[in-house]
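S.K.: Each chain, letter by letter, is given below.
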Amino acid sequence: MSGEIPAGWQSGRVTSIRDVTPTIREFGIVLDRAAACPPGSHVKVQVDLGGRIDQRSYSVVGQEGSTLRIAVKRQPESRGGSAYMWRLRSGDALAVAPPRCDFPLMHGAPHYLLLAGGVGITPMVAMAAQLAGRGTDVRMVYAARSAGEFAYGEELAGFLGDRLALFASDRGEQIDIADEIRRMHPDGELYMCGPLGLMEAVRGAWEEAGRPRSKLRYETFGSSGSHAAKAFTVKVPRLGAEVLVRENESMLDALEAAGVEVVFECRRGECGLCAVEIVEAEGEMDHRDVFFSPRQHRENRQMCACVSRVAGGSVTIEPAWRGDDAFAFAGPELSMGEPA
Amino acid sequence: MTTQTFPMNAWYVAAWDAEVGRSLLPRTICNRKMVLYRRQDGTPVALEDACWHRLVPLSIGTLQGDEVRCGYHGLVFGPNGRCTHMPSQETINPSACVRAFPVAQRHRFVWVWPGDAALADPALIPDLPWPDHPDWAGDGSMTEVKADYRLVIDNLMDLTHETFVHSSSIGNEALAEAPFDAYHGERTARVERWVLDEEAPPFWAGQLGKPGKTDRWQVINFLAPSVIYLEVGVAPAGSGAPEGDRSQGVDMRVLHLPTPSTDKTCYYFWAHLRNYNIGDQAHTRRVLDAGGGIMLEDETVIEAQQRAIDEHPDHVFYNLNIDAGSMWARRAIDRMIAAENGPVLAEAAE
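First to last, the sequence lines map onto chains A and B. When we follow the working numbering, the leftmost residue of the first sequence carries the number 1, and every step to the right adds one. When we follow the working numbering, the leftmost residue of the second sequence carries the number 341, and every step to the right adds one.
Please note that the accuracy of each hint is not assured.
Far from chain B, some chain A residues (derived; all Cβ distances over 10 Å) [claimed, not checked]:
no.	residue
1	SER11
2	ALA36
3	ASP48
4	THR67
5	ARG100
6	ASP102
7	ALA109
8	ARG163
9	ALA201
10	VAL243
11	SER314
12	ALA320
Pair ranges (Cβ atoms, derived) [what the hints assert, rightly or not]:
no.	chain 1	residue 1	chain 2	residue 2	range
13	B	ALA577	A	PRO237	33 to 41 Å
14	B	GLU651	A	PRO98	17 to 25 Å
15	B	GLU651	A	ASP187	56 to 64 Å
16	B	GLY682	A	GLN174	58 to 66 Å
17	B	GLU359	A	ASP187	53 to 61 Å
18	B	PHE657	A	ARG295	23 to 31 Å
19	B	GLY584	A	THR136	53 to 61 Å
Read the hints as simulated data drawn from the structure, not as lab findings. Just so you know, even glycine gets a beta-carbon here, dropped at the ideal spot from N, CA and C.
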């Protein structure tokens, strides 16, 4: 592995590899010490994209002592992180950030609906296990492209039984989102993780049903959009910069590397800090964040640089830079220690 | 890895003008213990607050003319830090001195430079003209806060908190829901927020003294490491303030200067200056009192936050969109710290 280990990270080692579907590979990673990972935890790992070091976040599927299991979908159209992960062999070292839980399972709801699409099942496995283990009223609906793509299907059926419903789209099966929401207890909570289109459909249906936003909980790592990732250009006239965003990097990383400063936190389209103003877009915008509302996405006035893209073409943006003029007052020359 | 939270090579407010006089005032600025006083001609002096001989604080000694006499064995130090008298000997030990910090008074504040004196250019003192400007009136005070000064900066760079912390005076619901823009420069950060065509909260309704809805502005200007001035005010809705004409409204400059004392304490200097009703001293007093009440609300929250941070030493904050201003501010601070810890300045900054 190349690249230095960032401060606070540790060096993990791959101890097991198994394919849970033809396109999803599970890795067991042992750490020197691992804090307890409640359901909904994720870890950041360091990946090498052909000489360029980057980070990717993956949900923790399960934890056995100081060994964490994560699962990675092989995505030919992705930004390159999955290809790196799929090249890992048992015994390889991997830099890992301390696990963190930003998608916690809240206790005390009268009913839980877990909704997963594709590799979005990864944070849901531990949630389902915990809820079923406590005898909570839980139902899981899980959609995948084909019957062979249900990762952890047997494991889930083991503790959920008939509370698990699988939907394979190649068999023409589809989750009836509105109906699932309708059948929920009025104070029930919905946890979801999956591709952007599915999550947007659920958000829309949830709002239409008049349910409180606080009871719809989700996590996204911004890795899927409505278009395949392509290279595009970002023009920043205020700074005289024109930056190429390669297909396997984020606009945020490309801007930072070019010296265009952006503040950010989550890097997965949730916090909204990296939002930049869109002056003009030549090409179709592919908003992949969950910070802006669908209305704001349609307005197309801002974009989250960490995940959102242009589907080929260019976008002209306005950065936050305005210089230091707010403190430029004309004042008399000073001398040190002047009398009061 | 350094965990330094403030640059040493910067001007910091050490005191209000009126706090420094013909007596010895101890202050700790950026972990440097200082004693402040004025010479007979009024020039401020800042010396290291420890006698060269046995480290007893000079601030518990006596001021004699322009010099300080140590209260233990009577060594005397001049305003430049040189020892001018030693007991029971006819000569003075040539190495006897205490550190003298660059100090200057500017627009009612006494500023000190705790770092490398050779770099202390008075032209770098932030120019905040309103406290002694003839077109502006008002006053301020200082609150000692048991918290990292950056928590005060965080507080100011996102005034959404006014809705929840200061609901009886300057906060209301409309404020927290209004959009804002965050900008930055090399050493500055700025957050702009307009609340258009809404009721003014109680404090501002009183300042304006006109009925009806208002347009309200908040422009937060930060200069690293610890200077903030706010442009805040209200005008009757639709009277042209967003377009640049604030003449129908009331406009304030609010200074917030949280000077780091130790890593987890600060001196929070503040002042409210207005450009209306400037001949009315009672108005100044009322605003000062209102400002003190608001400051107490902030102090309570910020000190509770510092205690919680201390109880969770490994916790890393999750920053939200509303934190953009404070993130730009902290980046500017971190840049200054990194610059003075670079290879070139390492020696000069001792």
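S.K.: Is the hinted range of 53 to 61 Å satisfied by the C-beta distance from GLU359(B) to ASP187(A)?
M.R.: Given range 53 to 61 Å: holds, Cβ gap about 57 Å.
S.K.: Is the claim that ASP48(A) lies outside the interface with chain B correct, judged by CB distances over 10 Å?
M.R.: holds, 24 Å
S.K.: Far enough from chain B: is every CB of that chain over 10 Å from the CB of ARG163(A)?
M.R.: Per Cβ check, ARG163(A) is outside 10 Å of chain B; nearest 32 Å; holds.
S.K.: Given the hint of 33 to 41 Å, is the C-beta distance from ALA577(B) to PRO237(A) inside that range or not?
M.R.: holds, 34 Å
S.K.: Measuring Cβ to Cβ, find out whether ARG100(A) lies farther than 10 Å from everything in chain B.
M.R.: For ARG100(A), whose nearest Cβ neighbour in chain B is about 8 Å away, the distance does not exceed 10 Å, so it is violated.
S.K.: Please confirm whether ALA201(A) is truly not at the interface, meaning its C-beta sits more than 10 Å away from all C-beta atoms of chain B.
M.R.: The claim holds: ALA201(A) sits with its nearest Cβ about 25 Å from chain B, beyond 10 Å.
S.K.: So THR67(A) supposedly isn't at the interface. Is its beta-carbon more than 10 Å from every beta-carbon in chain B?
M.R.: holds, 22 Å
S.K.: Take the C-beta atom of GLU651(B) and the C-beta atom of PRO98(A), compute their distance, and say whether it sits inside 17 to 25 Å.
M.R.: Given about 19 Å between the Cβ atoms, the range holds.
S.K.: Is the Cβ of VAL243(A) more than 10 Å away from each Cβ in chain B?
M.R.: holds, 18 Å
S.K.: Looking at ALA320(A) again, its CB stays over 10 Å from all of chain B?
M.R.: It is violated; ALA320(A) is separated from chain B by about 5 Å at its closest Cβ, not greater than 10 Å.
S.K.: If I claimed the Cβ atoms of GLY682(B) and GLN174(A) lie 58 to 66 Å apart, would that claim hold in this structure?
M.R.: holds, 59 Å
S.K.: Verify that the Cβ of ALA36(A) lies farther than 10 Å from every Cβ atom of chain B, and report whether the claim holds or is violated.
M.R.: The claim stands: ALA36(A) keeps its Cβ more than 10 Å from every Cβ of chain B (closest is about 13 Å).
In terms of the numbered hints stated before, the structure departs from hints 5, 6, 12, 15, listed from lowest to highest.
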